[in-house]
Amino acid sequence: MHSFLGVLFDGLAYGALLFVISVGLSITLGLMGFNNLAHGVFAMAGGYLLVTLISKAGIGFLPALPIVFCVVALGSLVLERTLYRPLYKSTPLNQVLLSVGIIFVATAGVNYLWGPGQQPVVIPEWLSGQYAVLGLDLSRYRLFLMVIVAAITLALVFGLERTRFGAKIRASVDNQRTAESMGIRVDRVFQLTFALGSGLAGLGGALGVDVLGLDPNFAIKYLVYFLLVVVVGGPGSVFGTLLAALLLGVADIAGKYYVPQLGAFIIYAAMIILLLLFPHGLLGRRKSR
Amino acid sequence: MFRIGFVFVMLLCGILALSADQACAAGSTIKIGMIAEMTGSFSDFGFNIVNGAKAYMKEHGDTVAGKKIELIVKDVGGPSPEVAKRLAQELIVKDKVDFIAGFGFTPNALAVAPIITEAKMPTVIMNAATSIITTKSPYFVRVSMTLPQTTEPMAQWAHKNGYRKIYTLVADYGPGHDSEAAFKKAFTKLGGQVVGESRVPLKNPEFGPYVQRIKDSKPQAVFVFLPAGEMPVAFMKSYNERGLAKAGIKLLTTGDVMNDNVQDALGDHALGVISTHHYSVDHKSPENKAFLAAFAKIEPQRPNYMAVGGYDGMAAIYNVIKQLKGVIDGDKAMAAFKGMKLNSPRGPVLIDPATRDAIENIYVREVKKIGSHYYNVEFETFKAVKDPGK
Amino acid sequence: MSDNLAKASRHVSFLRGRERWKSAEIAFWLTLVGVYFVFPSSLVFASQILITGLFALSLDMILGYAGIVTLGHAAFFGIGAYTAGLMAAHGWHDPFLGLLVAGVTAGIAGYLCSFLLSKGGDLTRLMITLGIGLLLYEVVNSATKYTGGVDGLQGVEIGKLFGVFGFDLYGKTAYIYVLIISFLLFVFTRSMMNSPYGLALRSIRENQTRALAIGIPISACLTNIYSIAAVIAGIAGALLTQTTQFVGIDVLSFQRSADLLLILIIGGTATMYGGFVGAVVFLLAQNWLSNLNPQYWQFFLGILLIVMTLYLRGGILGGFSRLVNLFRHWRNKEHS
Amino acid sequence: MNAILQTRDLWKAFGGLIVTKNVNLSLAPGARHALIGPNGAGKTTLINQLTGVLRPSSGSVWLDGEEITRIPANERVCRGLSRTFQINTLFPQLTPLEAVTNAICVRERTRLNILKRRFFRVSRRSAVIDEAYALLEQLNLAQDCLVETHTLAYGKQRLLEMALALATKPKVLLLDEPAAGVPEGESDELFEVLNTLPKEISILLIEHDMNLVFNFADRITVLVNGEELVTGTPSEIVEDPRVREVYLGKGH
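Sequences listed follow chains A, B, C and D, in order. One gets the working numbering by counting positions in the first sequence from 1 and adding 155 to each. One gets the working numbering by counting positions in the second sequence from 1 and adding 607 to each. One gets the working numbering by counting positions in the third sequence from 1 and adding 62 to each. One gets the working numbering by counting positions in the fourth sequence from 1 and adding 1 to each.
Next comes chain A alone, as it looks inside the complex (with noise of 0.2 angstroms):
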């Protein structure tokens, strides 16, 4: 019984993690439906960010996360202006080879500046370790993970359906043409959920890098499990998102550790069989065009 609940635990806060990395790219390519497969490289300048922040300034792992979301945020709104923008109306595949093009323009850039090993992220005392609850190890940063998850998905689901700016989001994607003459400047909407989405992607990946790792293959090395988490979810929505992630987290703990031997199949496996029953994502709207 001792082992369902850790497992569970496990699997939850893995997808958790799941759903931080991730969350951005539901924005960017859910909900602006641009095919950003260079969500990773934002998620990496989250990373790097952080660990620059907290070795080089000796800003501390708290007070540096709002940075982190901030500078990638806006960082992005140069991107947005210069290269997205002219191909939100353009195919999917010259999406997909602009958002190459800059994965490896990223990935060489931070070979380049910070070399290809593996960076050193310190977490504070207060995050390591684990709590004993009920006969269960809990781990702190798990926790952590779990309560920014909690606070991110009520942000958003708050934001994107209850404010104005969130009415406006959906009007701009649901049809521009309309939204234009609404008088809502859809240009700018786009412009600041873009920002946010990578912004987001920022933090998710800052969080990420103590569990993932930070190396300059980031952006391409994790590209499949956030399109992964996006796409079975059903992309444009923040809750399919979670609960793809949460499912997906758990199936994979679970298959880990009661049969190891298929360890590495099982969250493919789950993928597909989830895409096969869902072919829309969990909670995916189905486009009727």
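Be aware that a few hints might be false.
[Said to hold, decoys possible] FRET-style restraints, in silico, Cβ to Cβ:
hint: 1; chain 1: C; residue 1: Leu-174; chain 2: D; residue 2: Arg-80; range: 28 to 34 angstroms
hint: 2; chain 1: D; residue 1: Glu-149; chain 2: A; residue 2: Gly-338; range: 33 to 39 angstroms
hint: 3; chain 1: A; residue 1: Gly-338; chain 2: D; residue 2: Arg-80; range: 49 to 55 angstroms
If you are wondering where the hints come from, they were derived from the structure by calculation, not from laboratory data. Glycine residues also receive a C-beta, built at the ideal position from the N, C-alpha and C atoms.
We have chain A already, so just place chains B, C and D on it with the hints.
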């Protein structure tokens, strides 16, 4: 229409010309072609190997026996045998090199075996660690190590120090399987017992369930082999988070896991971990000091055992050039390699004349914090260990 | 009536003109023959480019002509490569037999996989194909005993072609072998794309709803083309095995599928030659840049890709044909 | 009572929303039948069930005496049930000649062996191409049949819609607002073409423009809220008070 055809042909020719032969007649230079993993997920491999080689050239000058040494570095971009084979072929046919060197990965080395045999090209393996490589061509010589070579001493040390029940955890791929088998064989032969084994997928950001299984089966120690990179970092974090050390489960690894240049990324997590390997940055000898100084002139990053592989490979090649007085012939060069002794930064190395593999000391080390950095500190030595995989 | 017929035959000849071998095409293949004589020391590279081009052609069949986005096409390439490799390692050394069996095996795999692709949008298909590719990679990786795992499959010995021409260090035999097989498969594909079947495929890509409404059995067509593309990918994989005499697990890697997609986009989709041109440009650029700077060449490749997306929509061939049109337009103006 | 196209108690519901309610439609051979109704009456849903894009919740569809309820959409086309679309649904990069040739090739495909179908060039089938050209000529598209479809004028594209449907040699042709978006006055060309269609083709026309409907149809069905309100000759429909109330009352 023909005009378009003409343009097309011109275009193709133009592009092809970019990659056309630039080979110039060799005479006063000796060319060494290096095939290394400079980009991709394993760019760390190429980075260390090539910079290790460059460090040797920096230290000893680029002229030997009156010949200028030219290093031609080619990026193979990860484990991709067909590219390795193509690069080797081009190095031989176009660049007319005298030696080929490098190889972080086994498949890259194996793929070039037929052509180096056909071309009688002396080829120095600077890292790839599967035993069989040197049996695939008489023109292979390896200056690094093999996996069983560093694994077996770990089993012996564990048994000597009273460990009887050990759990093994390896990465689920060829070298992992080899390491698991080598450890199990050596350890059970001595009377120890492997109480459980896990194979972890190579793409695995989450070690939780595996570490939990180890904890549940309560062994005295766990033996771990993972490829250098992000896996050891993730594993060590999980190992500590779940309090295996506190539960009295000792961690024993090969040196790949306790790779010198991830030490600082591991930080406190790795303190006290025991590993066996042929090289540590902390090795105390004048040769190592010279190596570290030379490397620091090229790159500020801390080198690791692969850099030593590159460094020693160059040393071996320099020795051969000296012996042959600058006139390189494949068979003579191979004869010169056999039985060669090197005063390596890792300690004395002998190239086994029979297998063309390195015979070297394997050290038992423990991770300690010295100043603000972390090092593998050697405390016991297995002298002149041969590759037990053959 | 006869007037009508005269007009109609003008239209027949219009269609015939579209299908005819253009001089640029002939020049393209003659150039490839020329490479053999002009660059005798780069033949290994040249045959690898051709193999990649052939592989990209098979992707073009399903992406460009049938509109299925895939990131797991390396699965079939890998199946072909391993089939040919395992055969050669177990005593069947004849290269042609290897190609045949590899193609058939990959085709069967493609046929089976195609049923998983009937549902969902582009992203779903992308992820399912990606998942299949990754699963296959893991299967080969964990079956170390049979496949050699990440160390690669050893003992691949390829017999002489027709018992006469052995594969040599310079890759002369290999290049001619690859060139001939590629050309034959290209002719096969080309005639298929110019047939009523090819027209139906193009129309499916253009508009599925309408294709269904004129009676095209879409899912059967897609299953079919997916299997044929898998056969060609499998043969390309087998060619790589036979010319390298080694099989590395990277034949199945995600990287290979992703690079292939890049190559096809760069070359231009649905143009028949996009795959070959993309392979030539991408691999030569890669080779050239990585020789200039082995460590940071990806930076420049990335810049190239970005510039290309911003200024050269529709790939190289797309941009090229637009240039040609512009030129014609301009010349027509001059004349009139 | 040998209807060429018939629905029996057709019923379709999306969850709790009933969009087709017990529709019993019947087309006599050679009919010029029109289906009218206000927006949201379920006309397009009905068409989609006839063509096989949607499957009805219950009830059946019959074509020429055979039940086709469970037959896939493409197979229905082969059996002689063809349609046009309200919004242009064409092959933008193909020329009209290629598009129509394609449709004819599909229709004729069972007459060819696999080798010819797969590997012989399209241009070798001059009979098919002649037929395609003749059809295009009949629809006043001969001048434009060699340029890519997306460059055609809107009105021409509407005609091509019709050409593609006719190329399948249908027994029953479903026309979904053929004049939609065509400026008044230009739709004459379209209906001129419609009026010349042979009587062997039965036509079900969905249209908003009442003038067109009353000029063209010999029978009219009014659909309201998924339900068949009334069916009759044009004069009967005009007289019907219920129709006036729900439909004409607002429009006229």
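Subject >> Range agreement (Cβ of D:Arg-80 with Cβ of A:Gly-338, hint 49 to 55 angstroms) >> reply: This hint holds: roughly 52 angstroms between Cβ atoms.
Original post:
Given a hinted range of 33 to 39 angstroms, is it respected by the beta-carbon distance of D:Glu-149 and A:Gly-338?
Top reply: Check passed, 37 angstroms falls within 33 to 39 angstroms.
Original post:
How does the Cβ-Cβ distance of C:Leu-174 and D:Arg-80 compare with 28 to 34 angstroms: does it lie in that range?
Top reply: holds, 31 angstroms
Comparing the model with each earlier hint shows no violations; every hint is respected.
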